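There are 2 protein chains.
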Amino acid sequence: MTESVSWTASQRPDGLGRRALEEIDHAECLRLISPSGVGRIAFTGRFGPMVLAVGYMLHEGTIVFLTAQDGTTEEDLRTGIAHAEFKVAFEIDEFDVDERVGWSVMVQGAVHHVDSAAERSALLNAGVKAWPEGAREHFIRITPTMISGRRICHR
Amino acid sequence: MTESVSWTASQRPDGLGRRALEEIDHAECLRLISPSGVGRIAFTGRFGPMVLAVGYMLHEGTIVFLTAQDGTTEEDLRTGIAHAEFKVAFEIDEFDVDERVGWSVMVQGAVHHVDSAAERSALLNAGVKAWPEGAREHFIRITPTMISGRRICHR
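So the protein sequences, as listed, match chains S and F.
Here the first sequence is numbered in the numbering used here, starting from 1 and rising by one per residue.
Here the second sequence is numbered in the numbering used here, starting from 156 and rising by one per residue.
Derived by calculation from the structure, the hints in this document are not laboratory data.
These numbers come from a predicted model, not from an experiment.
Errors might be hidden in some of the hints.
To be verified - To be clear about the criterion: a stretch of chain F counts as covered by chain S if any three or more of its residues have a C-beta under 8 Å from a C-beta of chain S, and this derived list gives those stretches: (1) 181–195; (2) 198–204; (3) 244–256; (4) 259–265.
The beta-carbon is built from N, C-alpha and C at its ideal position, and this holds for glycine as well.
With the hints as constraints, model all of the structure from the sequences given.
Structure (structure tokens):
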């Protein structure tokens, strides 16, 4: 898997030196994404490829976030077939633009809709809530089947 | 189109007040993404949905970045049919996690591979270069067909 990071010459003063791209191992990927934060969910929706920023929480090894009940994102993430789960990718990163260093982690996995009251209540107790409060009431969980990461660092 | 941003209760002290979600108009989306920066490209590759961080530059209304010649990303982004372009989504955002505010912009469009020497030379002159220097030699351009954005702000 390749990842590319380009930049404009004006932001690359020669004094900064060269950068190398390294793979991040599984344990370190999990450590990097374990604080709650903003990630991006990517999937193919009714209008083609989509990528949306969401605030997530890592809970029992799964990525959990809230979306609007009956919203287009929620509908897009259902296959319409019982027990058939939608496949998505989820990305979290942190870059220092001035230093031209940073990391990104990609999780691939299946979307699970939290439709049972017991599971919903467990997540509410774990503290997952929405930023824009109100109608955003639907919990989505991504169970990772693959996690990979890359780091750009000083050579 | 809905976007969801969830957060843990511990990071939402009551004193911070409520947040609202607003659409960002086309002109403001372009203004927000016009400085070069890090974005995320999303597409369906051979291993399912993918989302990768890339350093991009906005050049003549298109998103331009570099990837490795003959890399898997480059291969994934080719349809194999002449003049048939691969559809992708591209996301750029900026969030203040402490304040729980920020914005994200999504561009949807077709991938154009810069295979001609003249176009390649124009982009090199415009200053697009790779962070990890070396074999990353293939320019990719996304021509937007749709741009949308959302902002989370103090109510």
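> Can you name, in rising order, the numbers of the hints this structure does not satisfy?
Replying inline: Every hint satisfied by this model.
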